[in-house]
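Engineer: I would like the entire structure built from these sequences, with the hints used as guidance.
So the chains spell out like this:
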Amino acid sequence: MSAGTALSLSGVTKHFGGLTAVDGVTIDLKSRKLNAVIGPNGAGKTTLFNLICGEIPADDGRIVFNGRNLVGLKPHQIVRHGISRTLQIKSVFGGMSVADNVRIAVLTNRRIMAPFSPVQSFRGVTARANEIIEEVGLAVHYDDLASTLSYGDVALLELALALAAEPRLLLLDEPVCGMGPEETERTVATIKEISRRIDVVLIEHDMEVVFDIADFIVVMAQGAILATGTVADITADPQVQEAYLGPPEDD
Amino acid sequence: MTAAYARALAIAVLIVALLAVPFVLPAFGATFWVSIATEILIWSLLAASVNLLLGYVGLLSFGQALYFGIGMYGVALSINAWNVGFWPALAIGIVAASVMALLTGVFAVRLTWHYFAIITVVFSLIFYFAAMSMKGVTGGDDGVSFSPPPVLKLGELELTLVDATTQYYVVLGVVLACYVLTALIVNSPLGLAFKAIRENDRRAALIGINVYRTRLIAFVIAGALAGTSGALFAFFGRYASASYMFYHVSGEAVVWAIVGGAGSLLGPLFGAGALIVFRELVSTLWEHYLIAVGAITICVVMFAPRGLAGAWNDALRLAFTRIPDEPARRDAFDRRNASEGGEAAAIIEEKR
Amino acid sequence: MNELVFALAVNGLVWGLIIALIALGLSIIFGLLDVINVAHGDFFMLGTVGGLVVATSTGSFWLALAVVPLIGLVLGAVIERMVIRPTLRQASLTIVTTFGLSMIIQEMVRAIYGPQPRRMAAPIEGTVPLFGIDYEVYRICAAVFAALFLVAFFLFLNRTKLGTWIRAVRHDPETATTLGIPVAQVSGFTFALGTAMALLGGVIAAPITTVEFRTGVDVLPFCFMAVIIGGLGNLQGTVAAAIMLAVLEGLVTSVTEPTIARIVSLAFMSVVLLVRPHGLFAGATR
Chain A
1047 MSAGTALSLS GVTKHFGGLT AVDGVTIDLK SRKLNAVIGP NGAGKTTLFN LICGEIPADD
1107 GRIVFNGRNL VGLKPHQIVR HGISRTLQIK SVFGGMSVAD NVRIAVLTNR RIMAPFSPVQ
1167 SFRGVTARAN EIIEEVGLAV HYDDLASTLS YGDVALLELA LALAAEPRLL LLDEPVCGMG
1227 PEETERTVAT IKEISRRIDV VLIEHDMEVV FDIADFIVVM AQGAILATGT VADITADPQV
1287 QEAYLGPPED D
Chain B
6 MTAAYARALA IAVLIVALLA VPFVLPAFGA TFWVSIATEI LIWSLLAASV NLLLGYVGLL
66 SFGQALYFGI GMYGVALSIN AWNVGFWPAL AIGIVAASVM ALLTGVFAVR LTWHYFAIIT
126 VVFSLIFYFA AMSMKGVTGG DDGVSFSPPP VLKLGELELT LVDATTQYYV VLGVVLACYV
186 LTALIVNSPL GLAFKAIREN DRRAALIGIN VYRTRLIAFV IAGALAGTSG ALFAFFGRYA
246 SASYMFYHVS GEAVVWAIVG GAGSLLGPLF GAGALIVFRE LVSTLWEHYL IAVGAITICV
306 VMFAPRGLAG AWNDALRLAF TRIPDEPARR DAFDRRNASE GGEAAAIIEE KR
Chain C
57 MNELVFALAV NGLVWGLIIA LIALGLSIIF GLLDVINVAH GDFFMLGTVG GLVVATSTGS
117 FWLALAVVPL IGLVLGAVIE RMVIRPTLRQ ASLTIVTTFG LSMIIQEMVR AIYGPQPRRM
177 AAPIEGTVPL FGIDYEVYRI CAAVFAALFL VAFFLFLNRT KLGTWIRAVR HDPETATTLG
237 IPVAQVSGFT FALGTAMALL GGVIAAPITT VEFRTGVDVL PFCFMAVIIG GLGNLQGTVA
297 AAIMLAVLEG LVTSVTEPTI ARIVSLAFMS VVLLVRPHGL FAGATR
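Residue numbers (our numbering), protein chains in the order written: chain A, 1047 to 1297; chain B, 6 to 357; chain C, 57 to 342.
Calculated from the structure, these hints are not laboratory results. Take the hints with a grain of salt, since some may be wrong.
Said to hold, decoys possible - Each pair of labels, with its calculated beta carbon distance range:
no. : chain 1 : residue 1 : chain 2 : residue 2 : range
1   : C       : T266      : B       : V287      : 24 to 32 Å
2   : A       : G1170     : B       : P155      : 42 to 50 Å
3   : B       : G141      : C       : V207      : 20 to 28 Å
Just so it is clear, CB atoms sit at the ideal spot from N, CA and C, and this is done for glycine as well.
Structural biologist: Now the structure itself:
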């Protein structure tokens, strides 16, 4: 694994019964660059994320992060190793306030599980949680129950939770899905800001967003990698044009 | 006067009332009710063990009677075999129950939803039948009796359980200690982890929580609570019996927890209190009061799944919080005070 | 000694077939409505009581066999509509609802019928020599009845429109709705059918068991064992598991006590739950 590689996959494969959802994917995702994974529906993008995060076991292949093969590890162990993700269908801790949502993520990151001290007493944790909530722009909803948030705000909360785990690699699954233009702009700016210090890989359908911020693009189709490269590379690629490119999809 | 102040005041009143029971009730000619109050306190711990798992972690256990029974037998057998004192016997009962919870929890906690409920019953049945079969040790249904050692022996002064008032205060002390510990846990980082798992266990794993281990910890704590209940009950009845390990006992505890309000700290006390008082009052009038209890259970699930505590919290909110007039602030107010209707479990969000 | 073992094994087979009938009722309720019906054993008990009452008051066991399951159908439909359906919103609390139901049913029977256990005379008396022992004729009849009804159940499920609807809703309620199947009514009918099967099992079993308000408590864990070990979506597996477990328990009882046999079955069930929650037999769809 060379320096400058955020995550290295070789031969990663997953079958569901007769269907091969991910077919021998081999790719080095770049560090210090914003990577984007694009492709038509059913290309296997989210399944790939699920494999990386350990939510489903890979049938074959290696996923190397920071010198360690992640295949076979449990999801919470992979988070501890420094990979965080957001989900395609946004989901957070609905019955808890925004503040508590982020607090538990910070507490977990700092391995604090003290059973007899009140949560409030951990000032450092609250301070860090406040920082993150500010960064994603949710301060106005600090005390609100997560279940009352708008869809766009839930996405931001998910982002906050992912950041609280102090990841070195952030996997974002359709981060602006379901957002209006203003929210999209804000979120994209936040992601750009984050990508300066954390490696990011995002799955996205919104081509405008991808062409705007992505440095390195991976095109998937039918479980395999169709093409990789910069925006210029893939727009020029005839295979990609044939398989995928059309008018930019919005949601 | 805010809702939080009112709540604190209510708890203070409750504690004073509980402390005054052995003096107030006999004044009304109801000495017998001191005994009932003692029973309510003891059983409320079993309901609390169900409540911890259901209301805070989102796991419905239908087998807490097993740990209750182990607590009972821990006390009875250790006193009969080794002549230990009151407090050591109590400790043995609690530790034995916790160990059993650990051994069974390692397996049970791997399952969720209905399968978890089923396996908790299965485990309790296995040990129930084992206890019934080992009649020599456990006395089966008839059980094993013992004479409880004194609670305190300082030279000439001796406090024993024979005196109903002493018994009440000892039980009250232990039970209050358990509630205080539970309150601390629930408001701690561990408690927040419980809630996160209850809300969304997939998300919990994705922020790095070891869901299995956290559930196991909760299961053992719940086992300890149930064991404490059983140990106290053994002292109360001066005996231990395998019949208390049967799933009917577990089921009753679930009913108390639900009626009291799952997810609230004092819900188990009110649930157990309400239904035991109901039993005492109605059973003298109508032999088949269980029909009413069954009906109440069904009605609570249908109409008031957040139980008594839910109704109490709603009343507080109604009485003590002033609703802002401007629409924008009203919106924010509603958001802050909204609470989950309740898929997985009835929860009461305790706000700061 | 061999005769005893043989008798216990055949008893096991008879019971296994009856339990299979009841367990299938439990399985379709669990599988389709996602409800753990703690009262299912009590439905069986209602069948035994109903069988005894109808048979002794009319003098005809056959009438009981016909009428009691029909009562079960109606009872199940009413309970589903009035008690189960309104509480389905609190999905994890349905077990509490059925527990309350179980309390009510047991206590009502205790109140109306009385706490005394009774025995019922078999409609067909006499024994038949079977491999060296004199075996009760009625037990063989009971096994035959149970087997016939099992066959009828599978025919219903696979050959009739309503049966197909039930299978569709069990498999995928959302798709079933888009296909125009009235899911709510099918659920209601499924609960009614499951209840009726439990009561039917009760009538068949009445002459060979004690009839009292607590009979259901013993039968319930056994049914759950059959459902879990057989596999939740696997009806044939449930039948096989019921028979297998009953025969096994019968054989184990011949060397130790019944409680040990029960512990062994329960331990076996735990292992299946932990290792293969979809059941032992291949073909479980859920």
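Engineer: All hints, please: hold or fail.
Structural biologist: To see whether the hints hold, each was checked on the structure:
| no. | hint | result |
| --- | --- | --- |
| 1 | C:T266 x B:V287: 24 to 32 Å | holds (29 Å) |
| 2 | A:G1170 x B:P155: 42 to 50 Å | holds (49 Å) |
| 3 | B:G141 x C:V207: 20 to 28 Å | violated (47 Å) |
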